[in-house]
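> Listed below, chain by chain, are the residues.
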Amino acid sequence: MGDVLQQITGAIVAIVVALAACVAYFWGSNWMLDRFLSSRKVTGDAETRRDHLRDSIRPWLFLLPALLFLSVYLVYPVFETLRLSVLDKTGSNFVGFANYAWALSDNNFQRSILNNIMWLIVVPSLATAFGLVIAVLADRLWWGNIAKSLVFMPMAISFVGASVIWRFVYDYRGEGDVQIGLLNAIVTGFGLPPQAWITIPVWNSLFLMIILVWIQTGFAMVILSAALRGIPEETLEAARIDGASDVRIFFDIMIPQIIGTIVVVWTTITIVVLKVFDIIFAMTNGQWDTEVLANFMFKWMFVNFDYGRGSAVAVVIMLAVLPIMIWNIRRANAEQGTR
Amino acid sequence: MKINMMAAAMLLGVSFAAANVQAAELKFPKGEGAFSWSALEKFAADHTDLKGQTLTIWGPWREGGDQEMFQSVLAYFEDATGVTVKYGSSENYEQQAQIDAAAGSSANVTILPQPGLLADMASKGYLTPLSDALKARVEAENAAGASFVSLGTYNDKAGKAEFYAVPYKSDLKSLVWYSPDNFTDAGYAVPQTYEELKTLTEKMVADGNTPWCIGLGSGGATGWPATDWVEDIMLRINTPEDYDAWVKNDLKFNDPKVIAALDEFGWFAKNDKNVDGGVAAVGTTDFRESPLGLFSVPPKCYMHHQASFIPSFFPKDTKLGTDANFFYFPQSSEHDLGKPVLGAGTLAVVTKDSPAAQAFVDFLLNPISNEVWMAQSGFLSTLKAANVDTYANETLKGEGSILLNATTFRFDGSDLMPGAIGAGSFWTGMVDFVGGKSAKDVGDEIQASWDAIK
Amino acid sequence: MTAVAEPAVLTDAPAKPYRSSWRKRLNAGRVITHVLLLLLVALWTLPTVGLLVSSLRDKDQLAVSGWWTALRPSESLGVTRIGTAADQVAKDGHFVISGNVFGADTNKQLGGFGLTNSTPGQTPPGGTMPMSDGGTLTVAANGAFAWTSDTQFTHTRGPRVFYLAEIAPRFTLDNYYEVLTSNGVWRSFINSFTVTIPATIIPILIAAFAAYALAWMRFPFRGFIVALVVGLLVVPLQMSLIPLLTLYNQLAQLFGAENGKTYQGIWLAHTAFGLPLAIYLLRNYMVGLPKEIMESARIDGASHFKIFTGMVLPLSFPALASFSIFQFLWVWNDLLVAMVFLGAQQDKLVLTGKLVSLLGSRGNNWEILTAGAFITIVVPLIVFFALQRYFVRGLLAGSVK
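Chains A, B and C are the protein sequences, given in the same order. 1 is the number of the first residue of the first sequence in this note's numbering; add one for each residue after it. 340 is the number of the first residue of the second sequence in this note's numbering; add one for each residue after it. 794 is the number of the first residue of the third sequence in this note's numbering; add one for each residue after it.
Everything labelled a hint here was simulated from the structure, so no lab data went into it. Note that this is a predicted model, so its numbers are computed, not measured. Note that the Cβ used here is the ideal one computed from N, Cα and C, for glycine as well. Check each hint, because a few of them may be wrong.
[To be verified] Subject to a maximum C-alpha distance of 25 Å in a straight line, what follows is the list of computed DMTMM-like cross-link-like pairs (lysine to aspartate or glutamate): (1) B/596 to B/580; (2) A/275 to A/80; (3) B/655 to C/898; (4) B/499 to B/692; (5) B/587 to A/88; (6) C/1099 to A/34; (7) B/639 to A/177; (8) B/366 to C/1140; (9) A/89 to B/433; (10) A/89 to B/783; (11) B/779 to B/581; (12) B/612 to A/177; (13) B/609 to A/177.
[What the hints assert, rightly or not] Residues of chain B clear of chain A, computed beta-carbon distances all greater than 10 Å: (14) 366; (15) 370; (16) 437; (17) 488; (18) 497; (19) 519; (20) 522; (21) 728; (22) 732.
[As the list claims (entries may be wrong)] Stretches of chain A that chain C covers, calculated by requiring three or more beta carbons in the stretch to come under 8 Å of a beta carbon on chain C: (23) 43 to 51; (24) 77 to 85; (25) 122 to 134; (26) 316 to 323.
Required output: the full structure, derived from the provided sequences and hints.
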């Protein structure tokens, strides 16, 4: 009782203190910069120099807290991972690239790479496509917002919830028993034998992907819907006056107009896919050839406790993201050029 | 919005905190029944200087299952010493234990069922060695004490063998569960030999019945129930020495002796007529749901091979001994190998030394710590001083006697193997085996994964 | 928080008027649109509906029949063991053992009963069967049985009676009751709020300042930092657990604390893990704000600090709200970070952890699974629906240039 109140008070105090600290830091540091590097009392070259100095320091003041957090919580672990990936199981002896060599020769690793490629193709494409279709359809109907909310709902469901939900879909009971899984009930309804869906290699990966598509479509839909609303009405009107069909308008006008957003959505979902772990862990744990990199890494890290190999796999995951990073650097630089 | 939620949370806190007060009541009043109260008194007298200390324990028993049992045991420790115990567990307790050990935030005492994992932790220097006096007590005070000493002895960081782990709570794996009524109604008799068990299986199929319920599903650990089958069969058709060599990989996983054991398991499980739901259901049926087939009308199966903990998952009103019973997974008559018994159990290690931690390890060797749990549910004790009259029912007593009468006792092999095998490729291999791969292919694959970690 | 929530800012970028022009084209195409969307929505909702229906069903029916059959009465075969000689009472010169084959269950109707596994529905309700232990047994349609004999019963093992029962469809809140009354659930609710609310609020300002710098200020390495932020989005979280926990424990030792598992620690961890997404989203949004306003403000001599606090922050409210939703959902639904940085001791368990531990050793209890899963979903859904209107508009104005 007492400690519950204390805990709640603690949380409230923490919110107040954290907000106050943020305000104090941003306001205070900014004030000090203007105060101590003021150009009021100097003139000419000195004034310009001070102006420049202030301008070059200020962005870093804005960025400092974020960079500190990112360095400690994410950058440092990345370097730690790189270091561990060339050490042995216990992290004490240098083994060079042996962990990477092992990974390349390991059956399950190869299987994971293949599966990950499948995931990377299927999930972002399907989620984006469904999201786009639903966004376009929903924007045209009076009950569109209700529809969108329902489609978005899976985003709010914890993985504990999602895995239970899908067990009711994929559940398998022996032939002749009453099926309580929806999919098998449909199949047996057509007089076909029930299938143990998550045990049939290749197809089972697809069934797991459907779960992620189910979750991510809501995300794609919300963002694409916002983008669609940004298309100038005149453009659409003009096309309509020219007699273009809805389908033509969709492909020739809407998609080119929002292609930028589509790419962002696709990228974000790709990143989610590379990190996908919960679904595999809870549904199959990589059995029946469903292994993916993130789960494979987790196994070597926290089941086999071979930090070297676990880290090597993690590095591979990070390498897989390199193209996305490079693409983003390019995009960021291009933007910088135009401004 | 957020402030509102906070207010709501606070309200809930106020109204429910009152119901949340945990009474640290003692389950059995001191001085009554067949319990060894004098041992508890002596223990209390020996540890009078611990009052006010806190002891953290991390273990495998979770809520809704055995956590309440363990907590009822802890209450006696708290009562005797004045120490406050904080117990924790989670779904992935083994991983959590390792993460905490690596990061330096271990509990004082960690209890795990895998000697293989403990050996790994010892080699990384996460465990505190126990005294020679304690080691001598473990050997002297337990049935099969020498084997428990070797189970708890691992190499430390420098490669020196030290004694680390005290056994607490055993499970018996060589059991087959059945419904005595169903056996009587159908005219089946409990088989006395492994060969009779196979004949019975064939007879049931011939009668149009389904003999076995086998479920390997266990979330992330899917496959493990099959490892118990294979280990039990290993002990029926190969010598204990072969078994020991096998868990150390001196006997290769693709050795004909091991392949033969796999194929024996395949004889039971890889036949649509032998298992409820057909072979396809074996891999996906949850091990916790699997035994329910024994109790359905008409029965979906007549036998279920599983360890002594499984009655927790029987339907709620099942009376052990009446509605369900077990027989010993029988020894072979062809191979003269005595009465081998496969078991498992949890071992306690000190992961962060403190006087209270040492006292707790001592407490685990005190008969009271065993008896309090024995008197409630599935706890088998190997402690000689623990009074068998405190067992909650005849079933437990019967299991206890199997444990004591075994001519050969062997610990669950998959728990002794390195994690990558025993909690990795062995499981996956069994799932693949049931899924259709040949024993040879599976043996080769597991052996290859073992070679890869050497 | 409250400063940015002034109603005035909600009216920025007014939503486009409803596209009446689409409406005019009412024809076969519109019908198809309705049907298609309905179909997609049904597909997306069906699995969750299944869970909801299941969670409201009787726990005995839950695992034996599909949720879509919930409205139909189901038939099931059952078995019960009736009393031994110890339960008999003498009445009018007879000896009677009585009770109900359904126990306390009242929504079952007897379809028939029998004495062996293979003949469970042999005798109709009200019928009589001779018993091997002597006397006769009759079972009424409501399950009440009477086993009557002229001689005293002596058996010690109650015989089994098999029956065919019709179970009326029944919906109940029992499953929820069971989960909500289990020890410590409410504490876990509070813990989840304690973790989630600060972890949602703290990153907002930090991310907003950084995003502004990356969107509107010129300085060296800007492109690199943007790329870094995107790159960090994909760092597998699992990698950072051990290094960070080690760091925490060393800090804890420095301050003499028991270990590094504190609420402060988990707030900061969630803050950091949420930052890449926050910066990425907010920067995208801020880049899209009209350049002209910024430039004219700059020409008027306003400092970056003023522009940020006076204009950008209020204008970014929809984006901030969107991020808050994401962060709230993520932190609320998180299990891994909470387990590692807060621990699984009873008094620190968050709701997801609590439910997993409820399931953990009782994996076959579907009633706990279903009701529990729904309980975890409720809070995020409330948050989502409450903030949804900012969400749809606010998320990505940035890339819609």
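> Now tell me if each hint is right for this structure.
For each hint, the structure was consulted:
Pair hint residue 596 of chain B plus residue 580 of chain B holds up; C-alpha atoms about 12 Å apart against a cutoff of 25 Å. The suggested pairing of residue 275 of chain A with residue 80 of chain A holds, with an alpha-carbon distance near 19 Å, which does not exceed 25 Å. For a cut-off of 25 Å, the pair hint linking residue 655 of chain B to residue 898 of chain C stands: about 14 Å separates their Cα positions. A hinted pair counts as satisfied when its Cα atoms are at most 25 Å apart, and residue 499 of chain B with residue 692 of chain B qualifies at roughly 20 Å.
With a C-alpha separation of about 21 Å, the suggested pairing of residue 587 of chain B with residue 88 of chain A holds against the 25 Å cut-off. Only pairs whose Cα atoms come within 25 Å are accepted, and residue 1099 of chain C paired with residue 34 of chain A is accepted, the gap being roughly 12 Å. For a cut-off of 25 Å, the pair hint linking residue 639 of chain B to residue 177 of chain A stands: about 10 Å separates their Cα positions. This hinted pair checks out: residue 366 of chain B and residue 1140 of chain C have alpha carbons roughly 22 Å apart, not beyond 25 Å.
Distance check on the hinted pair: residue 89 of chain A and residue 433 of chain B sit about 18 Å apart at the alpha-carbon level, within 25 Å; holds. Restraint check for residue 89 of chain A and residue 783 of chain B: the C-alpha separation of about 24 Å stays at or below 25 Å, so the hint holds. At most 25 Å may separate the alpha-carbon atoms for a hinted pair to count; residue 779 of chain B and residue 581 of chain B meet this at roughly 18 Å. Simply put, residue 612 of chain B and residue 177 of chain A have alpha-carbon atoms about 15 Å apart, close enough for the 25 Å limit, and the pair holds.
Between residue 609 of chain B and residue 177 of chain A the alpha-carbon distance is near 19 Å, which keeps this suggested pair within the 25 Å criterion. In this structure residue 366 of chain B is separated from chain A by more than 10 Å, as the shortest Cβ-Cβ distance comes to about 25 Å. The Cβ of residue 370 of chain B sits about 33 Å from the closest Cβ of chain A, beyond the 10 Å cut-off, so the non-interface label holds. Here residue 437 of chain B does not stay apart from chain A, with its beta-carbon only about 5 Å from theirs, under the 10 Å limit.
No beta-carbon of chain A is positioned within 10 Å of the beta-carbon of residue 488 of chain B; the least distance is around 25 Å. At roughly 12 Å from the closest C-beta of chain A, the C-beta of residue 497 of chain B stays outside 10 Å, upholding its exclusion from the interface. The beta carbon of residue 519 of chain B is kept farther than 10 Å from every beta carbon of chain A, the shortest such distance being approximately 25 Å. Non-interface status of residue 522 of chain B relative to chain A is upheld: no Cβ of that chain comes within 10 Å, the nearest being about 22 Å off.
Distance to chain A confirms residue 728 of chain B as a non-interface residue, since its nearest Cβ pair spans about 41 Å, more than 10 Å. Taking the minimum C-beta to C-beta distance to chain A, about 32 Å, the non-interface status of residue 732 of chain B holds against the 10 Å cut. Against chain C, the stretch 43 to 51 of chain A contributes 0 residues with a C-beta closer than 8 Å to a partner C-beta. That does not satisfy the three-residue criterion, and the hint is violated. Coverage of the stretch 77 to 85 of chain A by chain C holds in this model, with 4 residues showing a Cβ closer than 8 Å to a Cβ of that chain against a need of three.
Coverage of the stretch 122 to 134 of chain A by chain C holds in this model, with 3 residues showing a Cβ closer than 8 Å to a Cβ of that chain against a need of three. With a cut-off of 8 Å between beta carbons, the stretch 316 to 323 of chain A has 3 residues touching chain C; three or more are needed, and the interface restraint holds.
The structure shown violates the earlier hints numbered 16 and 23.
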